[in-house]
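A.B. asks: Chain residues, written in single-letter form:
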Amino acid sequence: MRAILFDSTKCVGCGSCMAACREKNGLPESAAADLTAQQFTVVKQTGRAGSEVYYRRMCMHCQEPTCASVCPVGALHKTPRGPVVYNAEICLGCRYCIQACPFGVPKYEWLSLTPRVRKCGFCADRLAQGRDNACAEACPTGATRAGERQELLQEARRRLQAEPGNYVQKIYGERDAGGTSVLMISSVPFERLGLPENLPREPLPLLTFQVLSKIPPLAGVGAFFLAGLWWLTKRKEEVAREATVHAQRQADGAVVEEGRR
Amino acid sequence: MTRLRAIFWRIVALAILAAGAYAAFLRFTQGLGAATNLSDRYPWGLWIGFDILCGVGLAAGGFAVTTAVYILHLEKLRPIVRPTILTAFLGYLLVIVALMFDLGRPWNIWRAMVLWNPHSVMFEVAWCVMLYTTVLALEFSPILFERLKWRRAVKVVRAAVVPLVGLGFILSTLHQSSLGSLYLILPTKLHPLWYSPLLPVLFWLSAVAVGLAMVIFESGLSARAFGQALELDLLQGIAKVMALLLGTFLAVRFLDLGWRGGLEHAFRLSGRGSYEAGMFWLETALLALPIALVVAERVRRSPQALFGCSVMVVGGFLVNRLNVATTGLEASAGVRYFPSWMEVAVTLSIVVAGLAVFRFAVRHLPVFHAAETKEEAAGAAYAQP
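Protein chains in written order, with our numbering: chain E, 1 to 261; chain H, 1 to 385.
Be aware that one or more of the hints could be misleading.
[What the hints assert, rightly or not] Rough simulated footprint, nothing fancy, chain E against chain H, three-plus residues with beta-carbon under 8 Å:
(1) 136-148
(2) 180-188
[What the hints assert, rightly or not] Restraint ranges, calculated between C-beta atoms of paired labels, are given here:
(3) E:P164 with H:I96: 55 to 61 Å
(4) H:V114 with E:L229: 31 to 37 Å
(5) E:V221 with H:G258: 26 to 32 Å
(6) E:E191 with H:T248: 22 to 28 Å
(7) H:F338 with E:R157: 46 to 52 Å
(8) H:F338 with E:G26: 49 to 55 Å
(9) E:R81 with H:A331: 33 to 39 Å
(10) E:A240 with H:L221: 31 to 37 Å
(11) E:E148 with H:A331: 45 to 51 Å
(12) E:L229 with H:W259: 57 to 63 Å
(13) E:G26 with H:I96: 48 to 54 Å
[What the hints assert, rightly or not] Here are the simulated EDC-like cross-link-like pairs (lysine to aspartate or glutamate), alpha carbons at most 16 Å apart as the crow flies:
(14) E:K236 with H:E75
(15) E:K44 with E:E174
(16) H:K189 with E:E109
Because the hints were derived from the structure by calculation, they are not lab data.
Glycine included, C-beta positions come from ideal geometry on N, C-alpha and C.
Turn these sequences into a full structure, and let the hints steer you where they fit.
C.D. replies: Rendered as structure tokens:
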């Protein structure tokens, strides 16, 4: 499976990745400081002037993507090579993916009458041709590197060990939310790179699947239970009715007997 | 005086509908972004929080009452079967109308029937709502057939009513709870006062409670509008079950909050988090107070007081759903959401349209004076005030 390793200690903030991404996806120049419907990756900075740290934001391409799991029609899906891709043709526009993404990645074309969800597609078409992601190819310093996920994890571990003072000892995306295809290492805490540090290690889709998987048996038990209640209450009524009839007959009988006497 | 009042309300309704029509025009010519205060950070607003979450919940009386009558044989409730079915059916139709406003690409909605993603709660909700609306249409159909004097059709539907009601119960249980499950995937986004693994259970309990509150509420309204109200002992019975459900809801809610350590957030009464705490206590007060009131015999003896209780429960329910759908997501999004006038106008128009259709249906169809059984034909359960 393909992946990207981003190393904030190597990023100089030149923006080549952004330019390559715009060109690859046919997007216009943008002055926005964040991801937008027309900007699939962005270089940002944190820290004081002189010691600033540059970092990238883009779709993390989760191993088990939350966006794909919540989509009612499967307009988003994880391809075997790694990219999480979107198909506007079948999208209903419910925006559950935007709501559910723990990284705040998918963006919407709010002013369009045929709005699409927009985000980085991991250059799925280039990958299919055996080429690297446009942003990785354009990076002059090797801050963004494309490769096989396992190899990149090893490379990241090697860097953390080689220069322990330079890195926070964690590979973001190795396990977070079940793991991602975009891995990040950094000299500053990941929270400052806008990455949530409170995500569970289990993929988020598990949270709903634990409930959803109980539905078929629950529905079966429910049907059985309802049928039972229907029969019981009906029987109760019949018994009550018979009891009144019986009581009536006894009373009648008593009257008759009394008459005989 | 009453005529003046009627004219006043008619003008208000027309003004709302006019604003709603203009808002609809803007929505479908300028896009969602122009008509709503939604954004990438805050993608769901009033239309999901109120029109869908509240709309479906308020219609829960339909499955609660039909189950009580047809499955549990609680014959006493039969007189309210038709009004609650009508309310539920209308409610679901309006939810679907609202969905057309909220979906970005509504013309694709049919694809949910062919493209299945069983891992998506939204998929499950879509199917249950679709199927349950069909069930409601069938349950409602005898009312129409009776009016049209199609006796054969009435007979056919009536023969299938028990399985239909059972199916309705299962479908409703599934999607009423699943509306809560929608938020299970947001453990880091939804405020700890509302995020809970028990959301589906809490949503189901509060939906049934508010469904019963709506029965009391509608009885009170129809008492004013048509001079027809439910008998007091019936109202009392419904209120008792409602109070029991609300008590269970609050017990589960507080035990869950206490167990997960979320309760401390309820006592952040100043500064950051005080807004959420305030909304939490508003919701809790509106749902707890009616329990205390229903327990008091003096309240139970008065239809007006019970009506007041039902209004509180409906209010508390609305605050609860809006808290989950809007309040609880503001802090993590870093956004203060307040709906645009267009969102409000569309929502109010849908409510007005619902009331108007209900009124029309009650006047022209055998809803409050059904002839389903002999006892009913005699109108035994309706007391003339």
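A.B. asks: Between the alpha carbons of H:K189 and E:E109, is the straight-line distance 16 Å or under?
C.D. replies: violated (22 Å)
A.B. asks: Given the hint of 31 to 37 Å, is the C-beta distance from E:A240 to H:L221 inside that range or not?
C.D. replies: holds (35 Å)
A.B. asks: Do the Cβ positions of E:E148 and H:A331 conform to the proposed distance bound of 45 to 51 Å?
C.D. replies: Between E:E148 and H:A331, where Cβ atoms are some 39 Å apart, the hint is violated.
A.B. asks: How does the Cβ-Cβ distance of E:P164 and H:I96 compare with 55 to 61 Å: does it lie in that range?
C.D. replies: holds (59 Å)
A.B. asks: Looking only at beta-carbon atoms, does the pair H:F338, E:R157 fall within the given range of 46 to 52 Å?
C.D. replies: For H:F338 and E:R157 the Cβ distance comes to about 48 Å; the hint holds.
A.B. asks: Quick one: are H:V114 and E:L229 within 31 to 37 Å, going by C-beta?
C.D. replies: Check passed, 36 Å falls within 31 to 37 Å.
A.B. asks: Taking the beta carbons of E:G26 and H:I96, is their distance inside 48 to 54 Å?
C.D. replies: Hint violated: Cβ distance 37 Å, outside 48 to 54 Å.
A.B. asks: Measuring from beta carbon to beta carbon, are E:E191 and H:T248 in 22 to 28 Å?
C.D. replies: violated (40 Å)
A.B. asks: Against the range 49 to 55 Å, how does the distance between the Cβ atoms of H:F338 and E:G26 compare: consistent or not?
C.D. replies: The hinted range 49 to 55 Å is violated for H:F338 and E:G26, with Cβ atoms some 36 Å apart.
A.B. asks: Given that the segment 136-148 of chain H was listed as covered by chain E, double-check it with a C-beta distance under 8 Å for 3 or more residues.
C.D. replies: Answer violated; 0 residues pass the 8 Å Cβ test.
A.B. asks: Hint check: E:K44 vs E:E174, CA-CA at most 16 Å. Holds or violated?
C.D. replies: violated (22 Å)
A.B. asks: With a cut-off of 8 Å between beta carbons, are at least three residues of the segment 180-188 of chain H near chain E?
C.D. replies: Our answer is that it holds, as 7 residues pass the Cβ test (under 8 Å) against chain E, meeting three.
The earlier numbered hints that this structure contradicts are 1, 6, 8, 11, 12, 13, 15, 16.
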